[in-house]
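Engineer: With the hints as constraints, model all of the structure from the sequences given.
Residues per chain are reported as follows:
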Amino acid sequence: MATEKEDLLHGTLDLLILRTLAVEPQHGWGIAQRIQQLSREVLSVTQGSLYPALYRLEEQGSIAADWGISENNRRAKFYRLTRAGRRQLERETESWERFAAAVGRVLRTA
Amino acid sequence: MPSIRRMIAAVQGLFRRRRLEAELDEELRFHLAMETEAQMRQGASREEAERRAMLQLGGLEPTKEAARSARAYRRLEVLGQDVRFALRLLRRNPGYATAVVVALALGIGANTAIFSVVRGVLLRDLPYREPGRLVVLHQRDRLTAEGGDQGFSVLDIEDLRRRNRSFSGLAEYHSMWFNLLGRTDPERVQTGVVSANFFGVLGTRALLGRTFSPEDDRPGAQPVLVLSHAYWQRSWGGDPAVIGKILEMNDHPHRVIGVLPPVPQYPDENDLWMPTSACPFRSDPHQMADRHSRGFSVFGRLAPGTTLAQARRDLAAIDRALTAEYPGDYPTGGYRADAVPLLTELTARARPTLWLLLATVLLVLLIVCANVANLQLARLSCREDEMGVRAALGAGRGRLLRQLLTESVILALLGAGLGVGVAAAMLRALVAFAARFTQRTGDIALDGWVLGFTIAIAVFAGLLSGTLPAVVASRGIAGALRAGGSGRPGDAGSLRLRAVLAGVQVAVSFLLLVSAGLTLRSIWKLQAVDAGFNSENVLALTIDLDWAHYKTPEQRRAFHRALLARAQTLPGVAAAAYSSNYPLDGIGRGTAGVRVEGRSATDADLPQAGFRVASKDVFKALGIHIERGRGFEDTDRDGAPRVAVLGHTLAMRLFGQGEPIGRRIAFGSQRPPDWHTVIGVIADVRDQALDQDPGDAFWVALDQNPALAGSLLLRSRRAPLALTAAMRAILRELDPRQPVGRVQTLETARSAALAAPRLTTILLSVFAALALAVTVIGLGGVVAFGVVRRTREIGIRMALGADRGAILAAVLREGLAAVGIGVAAGAAAALVMARIVARLLFGVPPTDPVTYFVVALLLLAVAALACLLPARRATAIQPSLALRAL
Numbered sequence: 001m002a003t004e005k006e007d008l009l010h011g012t013l014d015l016l017i018l019r020t021l022a023v024e025p026q027h028g029w030g031i032a033q034r035i036q037q038l039s040r041e042v043l044s045v046t047q048g049s050l051y052p053a054l055y056r057l058e059e060q061g062s063i064a065a066d067w068g069i070s071e072n073n074r075r076a077k078f079y080r081l082t083r084a085g086r087r088q089l090e091r092e093t094e095s096w097e098r099f100a101a102a103v104g105r106v107l108r109t110a
Numbered sequence: 111m112p113s114i115r116r117m118i119a120a121v122q123g124l125f126r127r128r129r130l131e132a133e134l135d136e137e138l139r140f141h142l143a144m145e146t147e148a149q150m151r152q153g154a155s156r157e158e159a160e161r162r163a164m165l166q167l168g169g170l171e172p173t174k175e176a177a178r179s180a181r182a183y184r185r186l187e188v189l190g191q192d193v194r195f196a197l198r199l200l201r202r203n204p205g206y207a208t209a210v211v212v213a214l215a216l217g218i219g220a221n222t223a224i225f226s227v228v229r230g231v232l233l234r235d236l237p238y239r240e241p242g243r244l245v246v247l248h249q250r251d252r253l254t255a256e257g258g259d260q261g262f263s264v265l266d267i268e269d270l271r272r273r274n275r276s277f278s279g280l281a282e283y284h285s286m287w288f289n290l291l292g293r294t295d296p297e298r299v300q301t302g303v304v305s306a307n308f309f310g311v312l313g314t315r316a317l318l319g320r321t322f323s324p325e326d327d328r329p330g331a332q333p334v335l336v337l338s339h340a341y342w343q344r345s346w347g348g349d350p351a352v353i354g355k356i357l358e359m360n361d362h363p364h365r366v367i368g369v370l371p372p373v374p375q376y377p378d379e380n381d382l383w384m385p386t387s388a389c390p391f392r393s394d395p396h397q398m399a400d401r402h403s404r405g406f407s408v409f410g411r412l413a414p415g416t417t418l419a420q421a422r423r424d425l426a427a428i429d430r431a432l433t434a435e436y437p438g439d440y441p442t443g444g445y446r447a448d449a450v451p452l453l454t455e456l457t458a459r460a461r462p463t464l465w466l467l468l469a470t471v472l473l474v475l476l477i478v479c480a481n482v483a484n485l486q487l488a489r490l491s492c493r494e495d496e497m498g499v500r501a502a503l504g505a506g507r508g509r510l511l512r513q514l515l516t517e518s519v520i521l522a523l524l525g526a527g528l529g530v531g532v533a534a535a536m537l538r539a540l541v542a543f544a545a546r547f548t549q550r551t552g553d554i555a556l557d558g559w560v561l562g563f564t565i566a567i568a569v570f571a572g573l574l575s576g577t578l579p580a581v582v583a584s585r586g587i588a589g590a591l592r593a594g595g596s597g598r599p600g601d602a603g604s605l606r607l608r609a610v611l612a613g614v615q616v617a618v619s620f621l622l623l624v625s626a627g628l629t630l631r632s633i634w635k636l637q638a639v640d641a642g643f644n645s646e647n648v649l650a651l652t653i654d655l656d657w658a659h660y661k662t663p664e665q666r667r668a669f670h671r672a673l674l675a676r677a678q679t680l681p682g683v684a685a686a687a688y689s690s691n692y693p694l695d696g697i698g699r700g701t702a703g704v705r706v707e708g709r710s711a712t713d714a715d716l717p718q719a720g721f722r723v724a725s726k727d728v729f730k731a732l733g734i735h736i737e738r739g740r741g742f743e744d745t746d747r748d749g750a751p752r753v754a755v756l757g758h759t760l761a762m763r764l765f766g767q768g769e770p771i772g773r774r775i776a777f778g779s780q781r782p783p784d785w786h787t788v789i790g791v792i793a794d795v796r797d798q799a800l801d802q803d804p805g806d807a808f809w810v811a812l813d814q815n816p817a818l819a820g821s822l823l824l825r826s827r828r829a830p831l832a833l834t835a836a837m838r839a840i841l842r843e844l845d846p847r848q849p850v851g852r853v854q855t856l857e858t859a860r861s862a863a864l865a866a867p868r869l870t871t872i873l874l875s876v877f878a879a880l881a882l883a884v885t886v887i888g889l890g891g892v893v894a895f896g897v898v899r900r901t902r903e904i905g906i907r908m909a910l911g912a913d914r915g916a917i918l919a920a921v922l923r924e925g926l927a928a929v930g931i932g933v934a935a936g937a938a939a940a941l942v943m944a945r946i947v948a949r950l951l952f953g954v955p956p957t958d959p960v961t962y963f964v965v966a967l968l969l970l971a972v973a974a975l976a977c978l979l980p981a982r983r984a985t986a987i988q989p990s991l992a993l994r995a996l
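Residue numbers (my numbering), protein chains in the order written: chain A, 1 to 110; chain B, 111 to 996.
Hints in this document: simulated from the structure, not taken from any laboratory.
Accuracy of the hints is not assured; some may be wrong.
As the list claims (entries may be wrong) - One side of the interface only, derived from the structure: several residues of chain B facing chain A at Cβ under 7 Å:
{"no.": "1", "residue": "E137"}
{"no.": "2", "residue": "F140"}
{"no.": "3", "residue": "H141"}
{"no.": "4", "residue": "G168"}
{"no.": "5", "residue": "A176"}
C-beta: ideal position from N, C-alpha, C; glycine also.
Structural biologist: Next up, the structure:
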């Protein structure tokens, strides 16, 4: 399933979804677009992994969904961050930064 | 009703799943549409854009499937993780796990065992057709406070059958002992004498052959017998060829026509059953025509649509009508007619004891749960780092809570598994125990219901013992994350909670100790009660004469005289007597109305008194004190003026302060009255039950009333049982066809009468002791935990010169505060619980201050000891070491 773009590191999709939703509630397609745009087209949400991730996060209580009207006047399911999700985002951001910094240190010094 | 609710839930679930499915579909279609538009904006044709959009999403169905399983898997995964994690943790802490599992196994096992008895005896339907509609009828005496049941006469029963509108059937019943011949040895058999419709009313079919038909109960019909299942197994080895056998009884051949299935019997355990026409006593024309001759029992089946209350009103109306029609045959004001459900009647004696035991074991389990919760709390304070890390790694608070609950429920289920083993081991003893209260022990088993109950209380115990620690732990996580902070889960909040738990344990222990203490005092009183007789060194041999061979009074008199003459000359015999009854023989007393010469009263208004028939020396043999006058002598023989001896209570009732000796009394409805001269008054004797007031009683002379049924009583100078063989030999010489019934010492009879309350007391005491032990461990743990937590503080205080005594007092105060509050709460609860216990008590009020005081003292002393050990550890803290640990 290799693509030209970078595959998401396992577990980081959740983090990115949460981060995207921290800005404003968004529907599934919008989330995928957003991740792609923000990563300057480097990161792409791999085929078929977005919706399972959304459903998992919803079941877990990190995000919640409501039906609303999209920018082009269609009925769409909008996801938003819950309070638990916001806390999870904080925690995961922090641990991601630690992780990334650690890997960076190793790469620089090794 | 529940099935409808379940259907609604299922349909709702279906709709929910459908709705989710539809939403998923709509959501993905929306995604595809958006993506297609985006692709088209980039210049692709619509077809190409749709193809790319679909490719990008990865296909509609695979995506749906992945989304669906993400949701479902998540739930399973959580449970699986929790279980795996819990098991791993327990493997790592085998000591902790074993302690908790064993404690829970004891608590749950005791519950399982007691519940299996409660279910088998009290909750299960009787094995009859529509058992809830079966009732036992009573005519209760309005004169006496206890409202003794007078039973029904044959004419009463005929009238009830004709007049009632509430019953689809009324069956007559009484039970007698007969001698069964026709086999190698003569045999004493208890025989239920019933109307032909008896088994039809109960709804019991024969296991083999048939039960009675109306033809069998016609006067003069060929006598027939039905065997009880137990007797058929015991005496006939379960041989089906018994059907059609001819057995001799009461001088008549009786044909066996059927065998019953194993059903509980009430009120007697009969070996055989016969129709009323076959019973020489019941089919006697005088008996059948005498409205006054009561004592038969009546069972009824409520007609469809009739309630118990309606049936009771109906019976009361019939009794009023009969009282008006036959004024001489019913007491002034009539009887109190009553109908009681058969199951209630059958289990009346067992009921309070069993419910009390069930309440007790549930409380014991509560204490065990509190202790497990305490252990969990202590352990959690060691796991705070783990919890912190897991929370930091993204475990939600709910998730942690669920994890901890999974752990404690798994422990409880392990305990339940072991507990079922504990219960199985206890069951045989418990069945023997229950048999002292009720005939209904055949249905006690560890069946699906009991196991369901076990699982239910195990889960309940797991949740109970897991919830508090889990809540505390998940609340403490935030604090744990703040590194090095003082807000650790094991701190103030949790410690206060642990003190509360210890307080609850103390309160419940107090409750259990009080109920055990009350029954203990009660049984001491019962053991020490002055029963009015001396049970030491008395042997009783039941010798019921065969009605067929001793038809005339002369024949019986000759036998009695010969028997007593031989018995008196046996070496070692101090006194020998023959009496219709002896104390605690378990046989009901006949009663009769007592008329005093010169006083007028209708037959039905005469005070009823229990009577016994006895020979000379009976009071000497039984060690009964003669208060005035004399006992029976050889001169009180047939032909001499008839005599009677009164019990103290009856003498007081009839004559008050007046002189009873020399007055004349007569019994029953005899015309003209058969006057008996009062020759003596004896002390009251508790001869029916030790915890029952002696009531009105009188004795008449054997030679003047030659009884068929009775026992030979021998007061011995040495071990009384040694006389048995010699006595049997004498009896064989006198009449080889005469069987001997039960042989026992009076001491045995007395201790058997105490066995049921003694066993109850032992069980309650064992449970109370268990509760106390668990509580003490819990309490000690709380105090020890407090000391460990405050090691530094204590060290500092001691370094600053605090007195060891002051430290000791501070630590003790903490523990004993919980005890004090627990004792106060326990005392309040015990006053409520004592109402249940009250029904089991003899001579001790349920609020007995001595018991409460002693229990409080015991609890305080034991608790102080439990606190003292860890408190002493606190004073042994070396300030230097404690401070260095900072």
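Engineer: Each hint: holds or not?
Structural biologist: Now for the hints, and whether the structure bears them out:
1. E137: With a closest approach of 5 Å, the E137(B) hint holds.
2. F140: holds, 5 Å
3. H141: holds, 5 Å
4. G168: holds, 3 Å
5. A176: holds, 4 Å
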